[in-house]
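Visitor: Following the hints, position chain A against chain R.
Going line by line, the protein sequences match chains R and A. The opening position of the first sequence corresponds to residue 1 in UniProt numbering, with each subsequent residue numbered one higher. The opening position of the second sequence corresponds to residue 1 in UniProt numbering, with each subsequent residue numbered one higher.
Treat the hints as calculated values from the structure; they're not laboratory data. Note that CB positions come from ideal geometry on N, CA and C, so glycine has one too. Any given hint might turn out to be false.
[Unchecked claim] With a Cα cut of at most 25 Å, we get these calculated DSS-like pairs of lysine-lysine:
1. Lys119(A) - Lys166(A)
2. Lys119(A) - Lys139(A)
3. Lys217(R) - Lys139(A)
4. Lys29(A) - Lys14(A)
5. Lys139(A) - Lys213(R)
6. Lys306(A) - Lys252(A)
7. Lys136(R) - Lys213(R)
8. Lys14(A) - Lys28(A)
9. Lys119(A) - Lys136(R)
10. Lys217(R) - Lys136(R)
11. Lys136(R) - Lys139(A)
[Unchecked claim] Not close to chain R: a few residues of chain A, all C-beta gaps over 10 Å, as computed:
12. Lys28
13. Arg38
14. Thr69
15. Ala187
16. Ser271
[Stated by the list, open to error] Simulated restraints on C-beta separations:
17. Ala183(A) - Ser159(R): 57 to 63 Å
18. Gly37(A) - Glu114(R): 38 to 44 Å
19. Asp208(R) - Ser141(A): 49 to 55 Å
20. Gln49(R) - Thr64(A): 18 to 24 Å
21. Pro130(R) - Gly37(A): 31 to 37 Å
22. Lys217(R) - Ser79(A): 34 to 40 Å
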Amino acid sequence: MSSAMLDLILEATLDTLYMVAISGVISALVGIPLGVLLYVTRPGQVLAQPVLNGVLGVVTNIGRSIPFIILMVAIIPFTRLLVGTSIGTNAAAVPLTIAAIPFIARLVEGALNEINPGLVEAAQSMGATPWQIIHKVLLPEARGGIFTALTVTIVTLVSYSAMAGAVGGGGLGDLGIRYGYNRFNPTIMLITVAILVVMVQGFQSLGDYLVRKSDHK
Amino acid sequence: MIELHDVSKTYVLKGRGGGIARTVPALKKIDFHVPAGRIHGVIGLSGAGKSTLIRCVNLLERPTTGTVTVDGQELTGLSRAALNQARHRIGMIFQHFNLLTNRTVFANVALPLELMGVKRAEIQERVTPLLELVGLADKASQYPAQLSGGQKQRVAIARALASRPKVLLCDEATSALDPQTTASILALLRDINRKLGLTILLITHEMEVVKSICHRVSLISDGELVEEAEVGDFFTAPRTQLGREFLNDFLKLEPPRALIERLEETPGTHSHPVVRLAFSGDAVSTPLVSRLARECGVDVSILQAKVESIQERTLGLMIAELMGPAEKTREALAYLESHDLHVEVLGHVQRDA
Chain R
1 MSSAMLDLIL
11 EATLDTLYMV
21 AISGVISALV
31 GIPLGVLLYV
41 TRPGQVLAQP
51 VLNGVLGVVT
61 NIGRSIPFII
71 LMVAIIPFTR
81 LLVGTSIGTN
91 AAAVPLTIAA
101 IPFIARLVEG
111 ALNEINPGLV
121 EAAQSMGATP
131 WQIIHKVLLP
141 EARGGIFTAL
151 TVTIVTLVSY
161 SAMAGAVGGG
171 GLGDLGIRYG
181 YNRFNPTIML
191 ITVAILVVMV
201 QGFQSLGDYL
211 VRKSDHK
Chain A
1 MIELHDVSKT
11 YVLKGRGGGI
21 ARTVPALKKI
31 DFHVPAGRIH
41 GVIGLSGAGK
51 STLIRCVNLL
61 ERPTTGTVTV
71 DGQELTGLSR
81 AALNQARHRI
91 GMIFQHFNLL
101 TNRTVFANVA
111 LPLELMGVKR
121 AEIQERVTPL
131 LELVGLADKA
141 SQYPAQLSGG
151 QKQRVAIARA
161 LASRPKVLLC
171 DEATSALDPQ
181 TTASILALLR
191 DINRKLGLTI
201 LLITHEMEVV
211 KSICHRVSLI
221 SDGELVEEAE
231 VGDFFTAPRT
241 QLGREFLNDF
251 LKLEPPRALI
261 ERLEETPGTH
271 SHPVVRLAFS
281 GDAVSTPLVS
291 RLARECGVDV
301 SILQAKVESI
311 QERTLGLMIA
321 ELMGPAEKTR
331 EALAYLESHD
341 LHVEVLGHVQ
351 RDA
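Okay, chain R solo, but in the shape it has when bound:
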């Protein structure tokens, strides 16, 4: 294999990691609070707001029901507005982030739902404010579940990022399609898939480790 090919593979790997990192961090920063909001505004919860909860739920579901490939092209004008271009890794990170936010939010909501309601009740009996309940009870108790949610999201982002080639985003998926499939180069195809497998495995192991480390249930 030529060194030019190796450079291409290395660059595609870094592109994939870059897209996953950017979209992973931003979607976590938005998605975790959204997930908390989805949970605490439920009827009967510490900040019960049924109307807001309904609206957030619908918006989240819309976000989750649009196929990623359609989302990617549908929001091109928004992407352009945000990063100034519709091609490249930065441009691909925008739809990735937007797709991941509702995904994380629902997973975080699910993780919070696993918490024994008695813990919230105990904190209320101690005179905890809703904000104190969120950051002293809900988030620490759901820590393991939140790490699980982030791991699932990152792994999903790795596979979604393979579609980023459709908007000229680059990355391993793009490389595999262009060189492996269009130019009939099975070696490249295998290598890109192998790198993706290793990457997913790595993220999963790291995630499992963090869950084990943070959860004392």
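Guide: Then chain A, alone, in the frame of chain R:
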């Protein structure tokens, strides 16, 4: 210290598929007062409203009507923020402990202090003695999952005491524990009540709990307080049918089954009364049976008997058949009643003369 006035709680259940909403009364016009420094028990069957009642005291459940006053402060009239302040002076422990799984024992006890904004150094100073008080100083850095049920409840007690409350609410605090652990938790609660002068309100379905630590007891049934008495009185002479059922169940003092089947409500020509006698105080040491025989000329056949000590009082219970002619047994009953005994005629049993 704790005062409930005219407290009712009604739940509204939405009908299925937009049907008519149904209201379920959980508490009906509860009036209730626990003086400072006392241990008051509320006993009742499941679904009677015990949990709702205790949750109304710190407004985890907001009563539909009525007022709740704790330590002279009317909680039902407070703003959210003021209520949270007031809750710092009311500790609570739960059946399933409700400890935070991702906090160590130390950090669990520190939680209420963090919520109050107590400085880190002061938290350190206050948590350690509490862990010593509940006997878990060596477990400070362990997580709840590593503890036994009794140890978890001890942590929960330390946590409830951290904010130096005046009142402790115990919601079925020993129901998930085995009898020995229950006894040790109850001993700890009694100790705290004496040492700190803490007022304790507890709800339970176990007579054992009432017997071993309560001063006074209320009986709740179907959302109403149907009976309230000093514990010694309640165990000697419950005034309601439900109270008697609780007591019989606890003492396991029922006439033998073969006899129950033959019991008749009205006396017949050759029948003898079967009575349940309860006596406390001086009457316990009186040689009652032989006196009955001598003074009233009846024979006494003891079917079952038991002596219990309830706090500082001794309580004797006996199921007996009074054997003799009708006028003699009537005399015997009158004699017993005149001697400060609680007499209940369970029925009459026919004897072939």
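Visitor: Output the indices of the hints that this structure fails to meet, ascending.
Guide: Hint 19 alone not satisfied by this model.
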